[in-house]
Amino acid sequence: MGIIEVQNEIVEEFSLFEDWMQRYEYMIELGKSIDLIDSSKKIDTNLIKGCQSKLWLHAELREDRLIFKADSEAIITKGIAAILLRVFSNQTPKNILEANLEFIDKIGLKEHLSPTRANGLLSMIKQIKYYALAFNKN
Amino acid sequence: MAFDVNKIREDFPILKRKVNGCPLVYLDNAATSQKPRKVIDSIVDYYENYNSNIHRGVHSISQEATDAYEEARKKIQKHFNVKDSKEIILTSGTTHSINLVANGFTSLLNKEDEILISELEHHSNIVPWQMMCEKNGAKIKVIPLTSNGELNYDSFLGLLSNKTKLVFVNHVSNALGTINPIKSIISKAHEYGAAVLIDGAQASSHIKADLQDLNVDFYTTSAHKLCGPTGIGMLFGKKEWLTKMPPYQGGGEMISEVTFEKTTYADLPHKFEAGTPNIAGAIGFGASLDYLNSIGFENIEAYESELLNYATNKLKNIPELKIYGEAKDKTSVISFNVGELHSYDIGTILDKFGIAVRTGQHCAQPVMDYFGIPGTVRASFSFYNTKEEIDYFCKSLERAITMLS
Numbered sequence: 000m001g002i003i004e005v006q007n008e009i010v011e012e013f014s015l016f017e018d019w020m021q022r023y024e025y026m027i028e029l030g031k032s033i034d035l036i037d038s039s040k041k042i043d044t045n046l047i048k049g050c051q052s053k054l055w056l057h058a059e060l061r062e063d064r065l066i067f068k069a070d071s072e073a074i075i076t077k078g079i080a081a082i083l084l085r086v087f088s089n090q091t092p093k094n095i096l097e098a099n100l101e102f103i104d105k106i107g108l109k110e111h112l113s114p115t116r117a118n119g120l121l122s123m124i125k126q127i128k129y130y131a132l133a134f135n136k137n
Numbered sequence: 000m001a002f003d004v005n006k007i008r009e010d011f012p013i014l015k016r017k018v019n020g021c022p023l024v025y026l027d028n029a030a031t032s033q034k035p036r037k038v039i040d041s042i043v044d045y046y047e048n049y050n051s052n053i054h055r056g057v058h059s060i061s062q063e064a065t066d067a068y069e070e071a072r073k074k075i076q077k078h079f080n081v082k083d084s085k086e087i088i089l090t091s092g093t094t095h096s097i098n099l100v101a102n103g104f105t106s107l108l109n110k111e112d113e114i115l116i117s118e119l120e121h122h123s124n125i126v127p128w129q130m131m132c133e134k135n136g137a138k139i140k141v142i143p144l145t146s147n148g149e150l151n152y153d154s155f156l157g158l159l160s161n162k163t164k165l166v167f168v169n170h171v172s173n174a175l176g177t178i179n180p181i182k183s184i185i186s187k188a189h190e191y192g193a194a195v196l197i198d199g200a201q202a203s204s205h206i207k208a209d210l211q212d213l214n215v216d217f218y219t220t221s222a223h224k225l226c227g228p229t230g231i232g233m234l235f236g237k238k239e240w241l242t243k244m245p246p247y248q249g250g251g252e253m254i255s256e257v258t259f260e261k262t263t264y265a266d267l268p269h270k271f272e273a274g275t276p277n278i279a280g281a282i283g284f285g286a287s288l289d290y291l292n293s294i295g296f297e298n299i300e301a302y303e304s305e306l307l308n309y310a311t312n313k314l315k316n317i318p319e320l321k322i323y324g325e326a327k328d329k330t331s332v333i334s335f336n337v338g339e340l341h342s343y344d345i346g347t348i349l350d351k352f353g354i355a356v357r358t359g360q361h362c363a364q365p366v367m368d369y370f371g372i373p374g375t376v377r378a379s380f381s382f383y384n385t386k387e388e389i390d391y392f393c394k395s396l397e398r399a400i401t402m403l404s
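As you go down the protein sequences, you meet chains W and E in turn. The numbering of the first sequence is numbering that gives the first Met the number 0, which starts it at 0 and goes up by one. The numbering of the second sequence is numbering that gives the first Met the number 0, which starts it at 0 and goes up by one.
Only chain W is shown next, with the shape it has when bound in the complex (with noise of 0.2 angstroms):
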């Protein structure tokens, strides 16, 4: 599936809750089932800064797709990180560099990317961006 249809697979999935309490459980949730890191992998050089809870996240190349893998102290973080996977991880480098993120207001998430919110998701996503150029080979 291409990075357009998991967003839009996303959205209609979080548009059947009714209310916040449904939506951060279904976060908390996925975070439960997040693809997890590696725990040799859990290292400083791997730790998204600007984050309150610890959040890591690694990303390797198979083929010619992007594996990420991520964990995090804070479960709301880890299920932010998890749709993350879920939108980012097994496209190509490319892909992932053209991808825009509109549907995290979409589904109501949008609280969570300003800057000055200390979880990390704008520095994970900005993480995300910067292996896909690493791996870009175009």
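Calculated from the structure, these hints are not laboratory results. Possibly wrong hints are sitting among the right ones.
[Stated by the list, open to error] Okay, the calculated bits of chain W under chain E, using three or more residues with CB under 8 angstroms as the criterion:
{"#": "1", "segment": "23-33"}
{"#": "2", "segment": "51-61"}
{"#": "3", "segment": "66-80"}
All figures in this text were calculated on a predicted structure; none of them were measured in a lab. Even for Gly, the Cβ is constructed at its ideal location relative to N, Cα and C.
Chain W is already provided as a structure; the job is to place chain E on it using the hints.
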């Protein structure tokens, strides 16, 4: 005057607002307090009616502004029972005050000297001294904590020596709410000829410190912690110390005569108040002290300690909730964690319920390191909080725990 919390809440416009669709429950008072109408009005009144630069003008409104600014200094002097208003330096807040003293002591200390800092300190009370020690070679010794979050007084006594030149302790810990036994710390330090600086930022909203009785050398606070505006605070320093210390910043206001050959400095307190000060802030600071004194610190202390006991007992009923810092003497601050849950998650969910708490390290990493935790949730109560709010907070916390578990 009878203490009527509902009447007091009317004084605070912000307490009427909603956050995320819920009435705001503000439990982040240790970070900053809310402002009563009288303080807000005093600032508006200054800007609307007599905004002018102070001390230099010959015109009427400059004189009015100067009088209001100096009146604020007198209110601070009276509130803290300071002998001479010249010993009150108006600063931008506690961090500025501490840097001012650290700068002043840079040339007064050398590599033979030691300074004692408690493990309970806020980063702002650690970093300026490290910077000073890099310059003059003086050494920092740390007064350790005990497991209930109090200072280890015996260790403090053991660390004191003739080499000790300065002791820095907060009056109240921002992370745990511990009230430190500053009076005995001051008198013990004086036996060795050491000066003592007390950071009163967390104490001033709960405790009216009598600085002559304490016989402290330096005491500092920030107005925004006690219902006043941000960006203004005070440094009390004994005249003998302030005279000995060189000026901190150069500029207007702080000079007596300037030629390119030599500048002579103004007398206290202006020697340490370079440039146009925060005039509106000082006026707001004065108004906040008037306001708090009209309620009465004995009433504030009694009510807040009632809130603290009420909240502590309720929180202790929540399974797996651990409170950090259970000093015998503490202010209305509760730092806690629940099981393995991260403070950030709890704070995020509570915010959705309209509840403002602090999460993380509270600028006191050494305290968190002592307990071996990445941070805590900190709920801090003020005299305008209610038991109903604490009930709602506890209920919401339990819902958050269910969601996050």
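*Okay, which hints does this one fail, numbers in order?*
Hints that this structure does not satisfy do not exist here, as all of them hold.
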